[in-house]
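2 protein chains.
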Amino acid sequence: MIKTAVMGYGVVGSGVYEILRKNADVIAKRLGEEIDIKYILDIREFENHPEKELFVKDANVIAEDKEVEIVVETMGGVTFAYEFTKKMLMAGKSVVTSNKELVSTKGTELFEIAREHNAAYMFEAAVGGGIPVIRPLVNCLAANRIKAVCGILNGTTNYILTKMFKENRSFDAALKEAQESGYAEKNPAADVEGTDTVRKIAILTALAFGSNIDDNKIPAEGITKITSEDVSCAAKAGYAIKLMGSSFIEGDKVFARVCPMLVPYECPLAGVEDVFNAVQFTGDMVGNVMLYGRGAGKSATASAIVGDIMHIAKRNEFDPRFAWGEERENTFIDPADTRYKYFMRSESSEEEIKEAFGCVKFIEGCSDAFITEEMSEAECEKKGEKIDISSKIRVYEVKE
Amino acid sequence: MIKTAVMGYGVVGSGVYEILRKNADVIAKRLGEEIDIKYILDIREFENHPEKELFVKDANVIAEDKEVEIVVETMGGVTFAYEFTKKMLMAGKSVVTSNKELVSTKGTELFEIAREHNAAYMFEAAVGGGIPVIRPLVNCLAANRIKAVCGILNGTTNYILTKMFKENRSFDAALKEAQESGYAEKNPAADVEGTDTVRKIAILTALAFGSNIDDNKIPAEGITKITSEDVSCAAKAGYAIKLMGSSFIEGDKVFARVCPMLVPYECPLAGVEDVFNAVQFTGDMVGNVMLYGRGAGKSATASAIVGDIMHIAKRNEFDPRFAWGEERENTFIDPADTRYKYFMRSESSEEEIKEAFGCVKFIEGCSDAFITEEMSEAECEKKGEKIDISSKIRVYEVKE
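Quick mapping for you: the protein sequence lines, in order, are chains R and G.
Note that this note's numbering has the first sequence beginning at -4, numbered continuously upward.
Note that this note's numbering has the second sequence beginning at -4, numbered continuously upward.
With the rest of the complex left out, here is chain R:
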């Protein structure tokens, strides 16, 4: 029997507890061994919990108990979660987490500590909730040089954009509905401004290309400025607007960005709606592979965590494939040099627009909207100075 502990009994932590109890039989059958929970760490009281004897308030109880092999961290944040994760790894225990902030900001250091103590630090649940993402990348696509990663990585913003698209809502109205349905938090900043997506694409990029990416280097735009007119004009041209985290490698240079993008309908990412998430990897051998499912939620996220626990239970040691190294200096591409087509809306005359941008494609049924040819960010910025631009959204190009 493998003994585990859960740190943080919130939505995801209680989901882990529930799966380990509810599916104990299938888990034991598949693993050839039972998984038990010995402790739950939480500062709150759970007097009415059916197993209230499991609850402890002191992380040292877990760290010092030699029987506990695997610890789940579902506390969130980077203060206590960071301290307790270090403590557990240093005690030789493997840690499984859904904490994307901690993995994206402290991953490199925590991998090093895990390596030193030959413990695993696994984080499938930190990106894409229940969707298998990390292991398919690391294992199944291991024969490929990964060229690009992109994805719809945040359910809240995708729910809002879907509402704007399907029901012609304004951003504010759609956000309010998302809050009322429990899909957006009272303070939605981390979602709608793209911070959550930055953390996730930082993790995927580091793993795909092998070295850490500083979150702060990743240019991020949220969806707060997207209007319902943008959405309907894009639709008329055959595009859905999605908040995309994307990254690519060119030689030894990497780039990552978070921004709303126009995704053509023929691309399967355009069909990812509501709170669903999808991640696409482009490998030199396999081409494009997309993984799709529920990117958040109690059971889906807990499903990924228990999957990691079972993985570690089979092989409890540090595995360098599930880690990345320090950031390499001077390898992050200057955002100004990256190239896109741009969707724009402008009150300027057709002539002025053509004078500024040359050959553009006006969108039928949206007299003020057009799509430019491909150019660099710097070029676009400069050319745009000559006209009034009310909306400017990058166009996602399907590559393989």
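Calculated from the structure, these hints are not laboratory results.
It should be emphasised that the depicted structure is a prediction, and the values quoted were computed from it without experimental measurement.
Please note: incorrect hints may appear among the correct ones.
Copies of the same chain are indistinguishable here, so a pair counts whether it falls within one copy or spans any two.
Calculated cross-link-like contacts (lysine-lysine; reagent style DSS-like; alpha-carbon spacing at most 27 Å) [said to hold, decoys possible]:
| no. | residue 1 | residue 2 |
| --- | --- | --- |
| 1 | Lys24 | Lys248 |
| 2 | Lys52 | Lys381 |
| 3 | Lys231 | Lys81 |
| 4 | Lys142 | Lys309 |
| 5 | Lys248 | Lys17 |
| 6 | Lys47 | Lys61 |
| 7 | Lys101 | Lys24 |
Following the hints, complete the assembly by docking chain G onto the known chain R.
Leaving out everything else, chain G in the frame of chain R:
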């Protein structure tokens, strides 16, 4: 260094050779060890091959060479492939295959031989080409009870149906184009009649639910009877027609079927076009997860094979999670008892149709097409006797 051999130097086998040479550096880095090819088995001559010294014609050379740890079987068919796979497993070598026919018909026996000799028998490439399917199911979703599996598992038929849908082609015209583009074989029976899909859904079903499914029990209908009118009427009602392999479990009873189905546009499976494939698993915790990508082709399939080689290189032993047991008796649900809504086209009058089927939904713009309420196959068969039916296609219901 890990020594391997490739049996069968056709499209996929040569793809494996090429990846192992071209990406040798990343493979060695990720694995911490190099992978080399010591032999290639093929009865044909490859006088101009740059490494012609690798070619052998006798499988015993490989079987008797203790240095060879992993053997790739990309021969196809069940005669020699079966014999040689057994020979390699009995010599304690692990085998990686893309041979869906062999895995679906002889899997149970080959797993047993692999288990006895503590060798691995892996088959990620047999379903969905390069798409990670087997390992996400077995590893990442290990905490779930799988409730259902379905997928678009054959690229040829999906290419034909996409042509019929987008370019309003007849089945015959679309098939001809597929043959000219190299997406369909001269004798397309295995694809268009559903046999290829049967093998793949048999493998996924056995793996998801733990016991073998006899291919011959799986009711299969191909796409040869689908007309361009069916496709356009379905489109008017908001559905794409796809050849689906699907299966589910209810208590201890399982069912699998291959048939064309109407898939509603809001389901991501409807957006899978051309030669792309997608597999959807429904887990009790994670809900629906979809894996999408190139289901065939040299590099994509070889990518999955090399992924399996690297998996085995890390852990060369029999793993019961990647296998299934004997078929359990009397557990296959009677096809007549399975329930669907049906899309039909009929020359009979609206009154006759309503008399036969009760409440149906006629499709606007297609006076002869309608969708029934849900009923069992047996019920539908009986009710249908009263009217003339020119097309009858099951409707896929999105469940979670």
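Right, here's what the structure says about each hint:
no.: 1; hint: Lys24 to Lys248; verdict: between (46 Å within a copy, 19 Å between copies)
no.: 2; hint: Lys52 to Lys381; verdict: neither (62 Å within a copy, 71 Å between copies)
no.: 3; hint: Lys231 to Lys81; verdict: neither (52 Å within a copy, 58 Å between copies)
no.: 4; hint: Lys142 to Lys309; verdict: between (31 Å within a copy, 24 Å between copies)
no.: 5; hint: Lys248 to Lys17; verdict: between (47 Å within a copy, 21 Å between copies)
no.: 6; hint: Lys47 to Lys61; verdict: within (22 Å within a copy, 56 Å between copies)
no.: 7; hint: Lys101 to Lys24; verdict: between (35 Å within a copy, 24 Å between copies)
Taken one by one, the earlier hints fail for this structure at numbers 2 and 3, listed in ascending order.
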